[in-house]
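S.K.: Work out the full structure: start from the sequences and follow the hints.
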Amino acid sequence: MLKEKLAALNLMNMNAQQKHSLLRMAVSIAIGLGLATALILLTSDKPMESLRYYFTAPLQNASYFSYWVQKTIPLIFTGTAVCIMFSANQFNLGLEGSFLFGGLVAAVINIYVTPFNPALGIPLSLIAGALVGSLITFIPALLDRLFNASIMVTSLMMNYICLWFSTYLLFSHLKDPRSSKNSYNWAEKDPIMVLKFGKGNQQLTIYFSILIALLVVVLAWFFLYRTKTGYKLRTVGVNHNFARYVGINAVSIAIVVQLIGGAIGGIGGACEIMSNYINYSWVDLTGFGWDGVTIAIFAKNNPKNVPLAAIFIAFLRTGAMVMSYKTNIQNDLTSVIEGVVILFLLAEKFLSKTYRKMIVKETEENRRLEAELQKKEAN
Amino acid sequence: MFESFVQILTNPNFYSNVVAVTPPILLAALGCAIAEKSNSTNMGMEGIMLISSLTGVLASHYIGHNNAWLELAVAILVGGLLGYLVAFFALKLRVDIILVGIAMNLLGSGGTAFFMYVFTGDRSSTNSLQTGTLPQINIPFIQDIPVIGKILSGQNVLTYVSYIMILVLSYLVFKTRLGVRIRAVGENANAAESVGISSVRIRTIALIISGMLGGMAGAFMSSAYVSYFAKDITAGRGFIGLAACSMGGANPVPTALTSILFGFFYALSNFARNTGISDNLIKMWPYMATIVGVVIYSIKKTNDEKKRLAGEAGEIVKKEHRHSELH
Amino acid sequence: MDNYLVMENITKVYDNGIMANDHVNFSARQGEIHAICGENGAGKSTLMKMLFGIEQPDHGQIIIKGKPVHLTSPTKAIEEGIGMVHQHFMLVPSFTVAENVILGIEPVKGMRFDMNKAIEMTEEVCKKYGFDINPRARVQDITVGVKQKVEIVKALVKGCEILILDEPTAVLTPQETAELFVQLKLLRETGHTIIFISHKLNEVKELCDRVTVIRKGRTVGVYNVADVTEADISRAMVGVDVVLEIPKEEAKPKENVLVVKDLGVYNDAGKKVVKNISFSVREGEIVGIAGVEGNGQRELIDSITGLHVYSEGSIKLLGEEVGGKNIKELRQLGMVHVPEDRMTLGIAGTMSIKDNMIADKLDDERYTGKVLNKPKNIKEDTDKWIKDYLVLCKNGDQQINNLSGGNIQKVVVAREFTSYNRLLICDQPTRGIDVGASQFIRERLVQMRDEGKAVLLISADLGEILNLSDTLLVMYGGEIVACFKDVKAVTEEDLGYYMLGVKKMTEEEIGGALHA
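Note that the protein sequences, when read in sequence, are chains L, E and B.
Each residue of the first sequence is one higher than the one before, counting from 0 in numbering that gives the first Met the number 0.
Each residue of the second sequence is one higher than the one before, counting from 0 in numbering that gives the first Met the number 0.
Each residue of the third sequence is one higher than the one before, counting from 0 in numbering that gives the first Met the number 0.
Please note that a few of the clues may not be correct.
Unchecked claim - In silico lysine-lysine, PhoX-like type, Cα no more than 20 Å apart, as pairs:
#1 B:Lys375 to L:Lys227
#2 L:Lys352 to E:Lys91
#3 B:Lys116 to E:Lys305
#4 L:Lys374 to B:Lys271
#5 E:Lys174 to B:Lys116
Quick caveat, the hints were computed from the structure, so don't treat them as lab data.
M.R.: Printed below as a string of structure tokens:
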């Protein structure tokens, strides 16, 4: 058993396909990081200092470390949500809206339903966030089911509807008259889902939502790879005609998947609001929905790879954020890097010449071995 | 409330505003349509608009003495290049084209914010580098017609160009050799390949044209009515364009009409202040209209398909009948 | 001129590691019709794709008229005077015939595409080579035979001298085939070289001058067609003499399992394609349905398996009406189905062999609990099936796409035959797979019959259907036109008359298909 596992880890025993996929991942990330380095060197007044911040900031002190964790959590939520939807081949882009509404409904609950009562407010918000989040992805799914309307387009539109509706709600109803852009508060000083220790640079924040995020990852993985619904869902994703023919109800699976995806997005939004704010002030889409797509691509649609992918992206973002405080570099650098890495990571034909050489060699080798075996048997 | 709407709808300024706010959506939608005709979904339209807009502004400021025409030319050029980039990754390196689009949007939003700061030191807009705007044009004769003149005349020159693009695109798609090839590739790429038409090449050309239209849309944002670039200046117009294209079935004229419908709702939200409805709520309308539109389009398409199939069956029956009569 | 077209030592390895061509040699002379024969998967199509520039060889070279050429794209191939008619038509449905014909060399007048010139060019070629086609008709409205002609005109208009035809008669009626052959012989007269890929040895005998046989990616030999018999070619193709006959005993049918009564089915276009069909399938018998494709078999099978809705008459599976039940419920009743199109309907390509084998058993308590799966049981059983059904693979976790067609079909059959079943519906179960796998699947079918299952077999392979069926029905024009109770007495010629609608049995004889 142990031997088998060791063998599985051994590079020499991988077939050409696996080796190539790993190589592509490594080269893509190297290209991205190389580009980041080049851009920093070219545009920074203090290039060495900037680079140091960019690549090591999250490890420099407790405060930056906490920021790293904070940035990781929403990525885990939306990344997992997209993994599930992509596994069933459902291209619902409404997660932006789910996330936003998850946050909004958590704010409403903590302000009006259970004011200053986090023990009730947190669980209630999570449930409400899940419900509202799934509603947002459900509408496009339903329209697709009923009228065959493009999910991609309707879900994109849902995001903007969510944005303007939440903005309307904020300014027309939730806003504290004493403030120009914030809602009423629901906590005195710290957000309700965190504990803070220390001060200044050494302030360490404990995020309870990371536990929820990891739980979601584990459940999602079990759901996809160890349950029959998950199995059916992946079958639908690979070939929906086949799924129908073996008696799987592809339509209901597709809808279930989008409900789950939206729910996870909504929970993510609720966690985000309750972990980082004491009042509501979102007037823009958060971008975490789109990030989910990036994370799912990095994770190859498998939830078990999501935390690692999220940690990686969040590391770069934290580095960029610190760099932009300390030096003259804009933190948006990271989205550029993400875009570039995605492009190369997904490029089937990228490094295809090396791949062809590998596969031709491997096949010829296999043929030779087979022939030898046959000869041996014949003797 | 009802009265205030009547007031808006009878106000020529409102229609003038519709004409003025439609072009970026229209150009984006036409760009998506030509790509879609060759079977490429240009999801990266938003990113292309942003990048070409910023590069246009920067080029105009640093090398073109703030000339707005140069800004337009550079934006179109950059848009074309980005279209090529989408094609390169999607068609040569075989990345899913939707995901290329998403990557393009990441590059667009992140890259423009990054470089805007590099060049201006400003995190929100390029206000510090004022560049020119394109001229407004009064059309002789038409400007003297009451109401109509007020609506149609005195618009930005790029506005007129963008409406002319509807005709240009229709001609291109339906009357030229390139158009024949684009439609052939879009409908059956294997058929085109089998006669030596490289579907990759044709789709690349379509994406380059798509990118150039996106560049024009980007330039419109920063040189028609304002003279600077701001962070996320396109505010989702690229996506709206994609939706309009989807609703218009990727045919230039229906796509254009849909774009104008969106322009109508955009203008409505601009005029909403005196209706008593929050402008944030009215800003939702174009998106809701899109969803309704896409649903209507889908129902129609399904019905047409059914009718076409039924018609075909009728044809076959007729032919069989004729056949048997002959024998 | 023996070096008119030479393909030398061609080797091609596909991305999934399959070696399709292994040092293949092929040559053709000017003005001959040269057949390429080989079993499915022997590498014929791959070889031709390389000649038409769709694929590039990993080793070897192609020489045309003594000059080595690099055919990196179809454009290059067309420039070298090569044209190809593919197995699946390469036409744009919404375009007219003329538009399709001139696609790639569109005439223009200034900026504008010149439609009149296009029609003129099409008419000119049609006249020169004697094709009767209306250049203004839309391709979506014309018949298959005409589409085939359009394909040939398309190649000729570009000045092709070497014409490749990939299984051109597969979709044609006998009349259309005869017409095609006349046309091809005319082209040979005008100095064209025709490469004719086919399975049908009688056609090769009738039409071709020489034949190259390919087996498992290697060239076996080149023969003058006049010097060899069909049996010779067949032996070269498969290496051993094909033993088709499966030994089987007299059927002992019992109770009705499937009863179809007065069934009427409309297709998606609203045309009635199945007309008042009645028959039954009993335990322990194989009922075969023969017929030229497109005579309602597709819709009949889809109706029985729950893929298509029927509106008239009834289909009863073990006494229960099929209509209104979903596929899952039908499968629970004991219906299993080996579909005709295994790649789109029969498998989930990027999933493992194991996953494909249990796809229809997900609600079985042995494999799944209330929530979680039972991986140990799944592995145990699928490993056993892989062994039982002789699936050649590394292990059950291998992606099914990487298997050969025959092994994929074995996985499909294994999945269906190991599920709870009373009625087996086998639609073209051995189409396009190697002889060994076909033989194996046929033996299994007889074995299942002997175990008391009801089997409904649809096959275009007349040898197969005559051999396996206990009762044989023939469909023509959406109706059953013949019902043979004594299948051994039926000759292929006789069957042909019914399949082509020349003869029809009496109502009474046909009524024998339905057992009370």
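S.K.: Does each hint hold? Answer for all of them.
M.R.: Here is what the structure says about each hint:
1. At most 20 Å may separate the alpha-carbon atoms for a hinted pair to count; Lys375 (chain B) and Lys227 (chain L) meet this at roughly 14 Å.
2. Simply put, Lys352 (chain L) and Lys91 (chain E) have alpha-carbon atoms about 13 Å apart, close enough for the 20 Å limit, and the pair holds.
3. Under the criterion of a C-alpha separation no larger than 20 Å, the hint pairing Lys116 (chain B) with Lys305 (chain E) is inconsistent with the structure, at around 35 Å.
4. The hinted pair formed by Lys374 (chain L) and Lys271 (chain B) fails the criterion: a straight-line CA distance of about 59 Å is larger than 20 Å.
5. This hinted pair checks out: Lys174 (chain E) and Lys116 (chain B) have alpha carbons roughly 14 Å apart, not beyond 20 Å.
This entry does not satisfy hints 3, 4, going by the numbered hints stated previously.
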